[in-house]
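Given chain H, put chain A in place with the hints provided.
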Amino acid sequence: MRDVAVISFAQLCRREYTEGNDIEILIEPVNRALAGAGLTRAEIDFTTGGSNDFLVGQAFSFVRALDVVGVYPCKEDSHVEMDAAWALYEAWVRIQCGDVDTALIWGLGKTSLGSLDELMTLSVDPYYMAPLCPDPTSLAAIGARALLDAGACTEAELADIAAARQRAAVDNPAVDWDRARTATEIMAEPYRAAPLRASTSSPATDGAAAMVIAAAEVATRVCERPAWIRGIDHRTDAHALGVRDLTISESARVAAERAGAAARPIEVAEVHAAYAHEEVVLRRALGLGVDTAINPSGGALTSDPLMATGLIRVGEAASRIFDGTAHRVLAHATAGPCLQNNLVMVMEA
Amino acid sequence: MSGRIAAVVGIGQTRLARRLHMSIAELTRAAALRALADAHMTWDDIDAVVLGKTPDVFDGHLFPEYFLADALGAVGKPIIRIHTAGSVGGHTAIQAAHLVNAGVFDKVLTVAYAKESEGDINWAVGGGGLPFYSTLVAGPGGYFAPHIRAYMRRTGAPDHIGIKIAYKDRRNAAKNPYAHNPDPDITYEAIESSPMLWDPIRYFETCPSSDGACAMVITDESNAHRGAHPPAWIRGTACRSEPSTAPRRDTVDPIGGREAAKEAYAKAGVSDPIAEIDCAELYVPFSWYEAMWVENMGLADIGGGWRNADTGANEIDGAMPINMSGGLMSGNATGATGMIRLAEAAMQVRGQAGDHQVDGARLALGHAMGGASSYFAVWVVGSEKPA
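Just so you know, the protein sequences line up as chains H and A, in that order. Per the working numbering, the first sequence starts with residue 1, numbered consecutively. Per the working numbering, the second sequence starts with residue 1, numbered consecutively.
Bear in mind the hints are in silico, worked out from the structure with no lab data behind them. This structure is a prediction, so every number in the text was calculated from the model and none was measured. Take the hints with a grain of salt, since some may be wrong.
Claimed, not checked - Calculated lysine to any residue pairs in the SDA-like style (CA-CA distance at most 25 angstroms, straight line):
(1) A:K175 - A:R149
(2) A:K267 - H:D3
(3) A:K267 - H:D67
(4) A:K262 - H:G151
(5) A:K267 - H:D45
(6) A:K262 - H:D3
(7) A:K262 - H:G70
(8) A:K267 - H:R2
(9) A:K267 - H:D101
(10) A:K385 - H:R41
(11) A:K262 - H:D101
(12) A:K267 - H:D99
(13) A:K267 - H:A216
(14) A:K262 - A:G298
(15) A:K385 - H:G70
(16) A:K267 - H:E217
(17) A:K385 - A:R202
(18) A:K262 - H:D99
(19) A:K175 - H:D99
(20) A:K385 - H:D99
(21) A:K262 - H:E43
(22) A:K262 - H:P73
(23) A:K262 - H:G242
(24) A:K267 - H:A215
(25) A:K262 - H:Y72
(26) A:K175 - H:G98
(27) A:K262 - H:D45
(28) A:K262 - H:D67
(29) A:K267 - H:Y72
(30) A:K385 - H:Y72
(31) A:K385 - H:D178
(32) A:K267 - H:A42
(33) A:K175 - A:A190
(34) A:K267 - H:G98
(35) A:K267 - H:E43
(36) A:K175 - A:A145
Isolated chain H, as found in the complex:
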């Protein structure tokens, strides 16, 4: 395997982005990621991204992102209709082929254009589940209930997790968050879908993110502290909730194992938990102990732009290596109801 590193990352997230349209939100992160890497658009060998047509209500909406990414006159390029963390995986695979050295990965989701809870009812099995119109928070609540019933955590502990993420978010300029609520305040919130409340589930967010990764030859030349990708893997579980044990995440466990997470201690982990109880599930599945700082960015509980959230986890984890505060970090991305599909990546200084 070639040594490949994350060398630059940028994001722009707002509860509601009103300064531009669904594509314009991508301009600033792409420009900042390229500037951070010290590379021009022409020096990027491969571009790929993750976005979703339904958020915009337009087939082929991602085609317009090419104007931001800057592929003129033409460039090797791809796109996944998944969280952009999977676009990152695609880019890493592409660099492993040997004839591509640099890649720009982008992800964007302007979720405020519609109702995410209504939209996501279309993402489950169209024959057996979609007719029931289950929104993602209600499905997550089934997982949360299973965890509470199993005695793996309490509602108060979920409130503690949410309160801690909100405190972290206030300190993170990349997250649009003004005031941290206390666990007591959170426990007084009405249920959004019992046992999940507003603060123990993620807020609809508009956001975009961009990342540059490069093979060692380029990474060592342009980046002071590259975040070297030591392992990356993704796995899916079955879709139907009825055949899964929602108190565990087998696919996350296998992905972490294959990414080599357990080889040495993880200092910081950014896990893609849009619901507080999913942190509990993931902490166990990923083998993260009490010494690992979880989601110091505030995590998806405070900023969750669909299609970019997973890539942002990678970017936030990599940033801990860029700034010298950590040497070994883990990033996790998820997709599908109740943590169905999971990607794990381990990076080192």
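Just chain A now, with coordinates in the frame of chain H:
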């Protein structure tokens, strides 16, 4: 080629038609099972699944990789879903090849599909209406017709070329067991007298809207010889995208297609494609585009693409056979179409194309196009292992 050698060792397709009685899971699984059978493999052999389809808006269902994980045997494995406009089937197959080239996995299943009977593709493509952005207004035909006119003006191609290509493709489609509404009795006159939809594109010069799926098993060298058919060695792959609305771009001879072909040929060690490529499957949604794409792919001299059609050089027994399967005239399940082109090219060099087999085909080009002639994914496959 870059990285490890990869080969196509199993190919499966479903019949292209309106498959109202089949679910998306049944459709994709049927193609996958045929590919596995062809490869002499089972679900357990597969390391990873790469899925492709065109916009979710086409069939009104989001993130199909979630529920198809079960039908495609992906549980416990990686599944990734590619979406790059009409070229997606090509990009999807090439991503599967990359997983093998990169040394990440040895045996990859790749599946692409569309179930267009669930929606209305002309509405989904032409809808638009986003402020400050051009739309395709009259559907794909309305977008592509003026570029065909530009090609005719540029090359002096006579009016009947579109009819001739459609006539050849529709006769070829009658030899393809998966074709949508095959008509062995089709006549030149029937095409000529069919209604003009988007001048100069007539009804029978237009591809149908189909449901269908295609699947391939792509492996490393050590797993390439299990099946009854020889492997199709992936000699060179390339992808290019270009901005759809850049004022200076050449939409008749797009640089993205030209550069993709150049890279794929270079990787495959092909220096003279006209002499060395035995046949090609090209993404031709409207018959005129064959003349344009053979030039863009370097399979004819510039301005000479239409002459191949006029002289019959593009027939199965001609000097440069194009779309032996009938191409998109044999059906267009957009999400699968690009992969079918790449798969049909592989079938030719494996000698498994049946009634539409080109005698002695050893090196073939598969081509996928998408967007406003702005996304390209191509591969060169051969019966001989790359050096």
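Hint by hint, where does the structure go against what was stated? Just the numbers, ascending.
1, 3, 4, 6, 10, 15, 17, 19, 23, 26, 30, 31 and 36
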